[in-house]
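From just these sequences and the hints, can you work out the full model?
For reference, the chains in residue letters:
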Amino acid sequence: MSYFLKRILYVIPVTLAVGLFCFSLVHLSPGDPMDAVVSADAPSEVVQMVQRAYGFDRPLPEQFGRWVLRAVQGDLGLSAANGRSVATEVFSALKNTLLLTVAASLIGFTLGCLFGTLAGYWQGSLLDRLVTGLAVGSVSIPHYWLGMLLVIVFSVELNWLPSSGAGPGSSGDWAFEWAYLRHLILPAITLSVIPMGLVTRTVRAVVAEVLANEFVEALRAKGLAGTRVFLHVVKNVAPTALAVMGLELGYLIGGSILVETVFSWPGTGLLLNNAIFQRDLPVLQGTILVLAIFFVMLNLIVDLLQAQLDPRIKRG
Amino acid sequence: MADTMQVTPGAAGTLPVAPVKGYWHSVWGRLRRDPVAMVAGLVLLAIVLMAIFAPWLAPASPYSTSMLTRLQPIGTPGFPLGTDELGRDVLSRLIHGARLSLLIGVMPVVNAFFIGSMIGIVAGFVGGRTNTAIMRVIDVFYAFPAVLLAVALAGALGSGLVNSLFSLTVVFIPPIARVAESVTTKVRSVDYIEAARASGAGSLTIIHRHVLGNVLGPVFVYATSLISVSMILASGLSFLGLGARPPTPEWGLMLNTMRDAIYVNPWVTVLPGLMIFTVSICFNMLSDGLRSAMDVK
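Residue numbers (my numbering), protein chains in the order written: chain Z, 1 to 316; chain Y, 1 to 297.
Worth double-checking, as some hints may not be accurate.
[Said to hold, decoys possible] Selected chain Z positions facing chain Y (Cβ under 10 Å, derived; list incomplete): (1) W122; (2) L284; (3) I293.
[To be verified] A few chain Y residues that don't get close to chain Z, going by computed Cβ distances all over 12 Å: (4) P55; (5) P77; (6) L103; (7) T205; (8) G217; (9) F220; (10) S225; (11) D295.
Calculated from the structure, these hints are not laboratory results. The beta-carbon is built from N, C-alpha and C at its ideal position, and this holds for glycine as well.
Written as structure tokens, this is what we have:
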């Protein structure tokens, strides 16, 4: 079977397993999933009526089957806290999270490639040691703390940039205007630190590896200019760097919860955080399901693209 | 284990221990010549000692509140690192906080090291369908970014230290199991294992005598590199309100509660995060040093 078909088919069992995990989450949690919907002292007729409405009175396998069928049609149920559609809530939050994570990825990728290439070219130099130190620091820093530091410097002390929210007012709409962009700057920089460190490390290693290859010597011996050699380096580094970045984008989408909490950024992380503290299990379940499936799909795309760029993978 | 003893009676007593000691001796020799790793190790040692002797080192109680001395800045007489929103001495809370913060950061990796290695070694050693089955289940956990998985589990189980420890352990088992599995699979096909099998050694004996020693080293190095992430995530869960509960001194939770006063007393707010960062970066540097000293990958 071709690599591509195999890789695509592999997504089906993984997605089902992810669904099973998200479904089980509700039953893992202590107390009745009904607790958030009806108050503890409600009469038993009311409890039973709501149970029937939510389908909690049926056997578990049946509940799972119904849940999957509805999820496939884009129906993730209703929020236990405010009765709104979970799917609507999750997707409008996902839009904000994507905005934040794509911005962070672009910053992290650009800086990471720049630093990594410089360090790889001048291995062992002071610059290399500085960059390597920066990379270790950037993967060791608690990013929620970095966010607080940036707030202190740029919001509290200098009063240049806002410390919370996604824009003026609370409409939730976003526009490419300075009034909105300035809200994006601090959270995006905070979140960009993790991919920056990882991309730097990867690019540095690959650049050093490529430069140590015999073909580079051969190119130089042939009298090719530095820019031509650099082109070959880019060609060899690009697939790996892109793969790391693609996966990182997925990690950021799942991992932005802490940064979103620091900056009150109205994305999936904040939604999840609120859902946890209101014991709003349908929202918790739906958000995690959507994020995990997004991550699985992103992994698929990265793998397929990488195989396309680097034919060695298909054979391996 | 008892089985192993019966298969090779007396072997444990007669086997010279020296070569094993020699290996760790040479690792230590190389590590000692790595200045970065040594500095990181010394800083960590100091923080661990600080955690152990917290009650004697801390100038004040980490719990005693005072409305009169709320939100004092760094350098206030009597409160060298200022006070928090309830007037508690931040220096004392940082010193006491080391205990819980280190524990919840390191424990998940220790747990996952034992459980993950076991799963990985069994999968790698048995091979075939069992391997495929185990590794496919492990793969499912890769469908979740680490932070999301930790928050999802801790959030569903409800806040609390035990739940946050459990969630992080689950997060770290799959990557450790994967490394253990891949190393075991490589080791399994090595000639001396074939020889041991040919000479009639049972599976448990082979695992005990030949596989463990070769697999646990690389897995251990890998696990140490996870401690840094674990520290950040464990304190992160507390920061979200899913781990330690007030008034317990814990660095992530301190960041959370002092965050409300960020406009009033900004630089005191920073301190618990600085502690997390220090521990995390030291573990990373020590792990890098260990990796090159043990010559793994």
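Hint check:
The criterion of a C-beta within 10 Å of any C-beta in chain Y is not met by W122 (chain Z), whose closest approach is roughly 20 Å, and the hint is violated. A hinted interface residue such as L284 (chain Z) counts as satisfied when its beta carbon comes closer than 10 Å to some beta carbon of chain Y; here the least separation is about 6 Å, so the hint holds. Checking I293 (chain Z) against chain Y by beta carbon gives a least distance of about 8 Å; that is within 10 Å, so the hint holds. For P55 (chain Y), the condition that its CB be more than 12 Å from all CB atoms of chain Z holds, with the nearest at approximately 26 Å.
Taking the minimum C-beta to C-beta distance to chain Z, about 24 Å, the non-interface status of P77 (chain Y) holds against the 12 Å cut. The Cβ of L103 (chain Y) lies farther than 12 Å from every Cβ of chain Z, with a closest approach of about 17 Å, so its non-interface assignment holds. At the 12 Å boundary, the C-beta of T205 (chain Y) stays outside the reach of chain Z, the nearest C-beta of that chain being 34 Å off. Every CB of chain Z lies more than 12 Å from the CB of G217 (chain Y), the least distance being 22 Å, so the non-interface label holds.
No Cβ of chain Z comes within 12 Å of the Cβ of F220 (chain Y); the nearest lies about 20 Å off, and the non-interface call holds. With a closest Cβ-Cβ approach of about 10 Å to chain Z, S225 (chain Y) is found to fall inside the 12 Å limit, against its non-interface label. Distance check on D295 (chain Y): its Cβ is at least 17 Å (rounded) from any Cβ of chain Z, clearing the 12 Å threshold; non-interface status holds.
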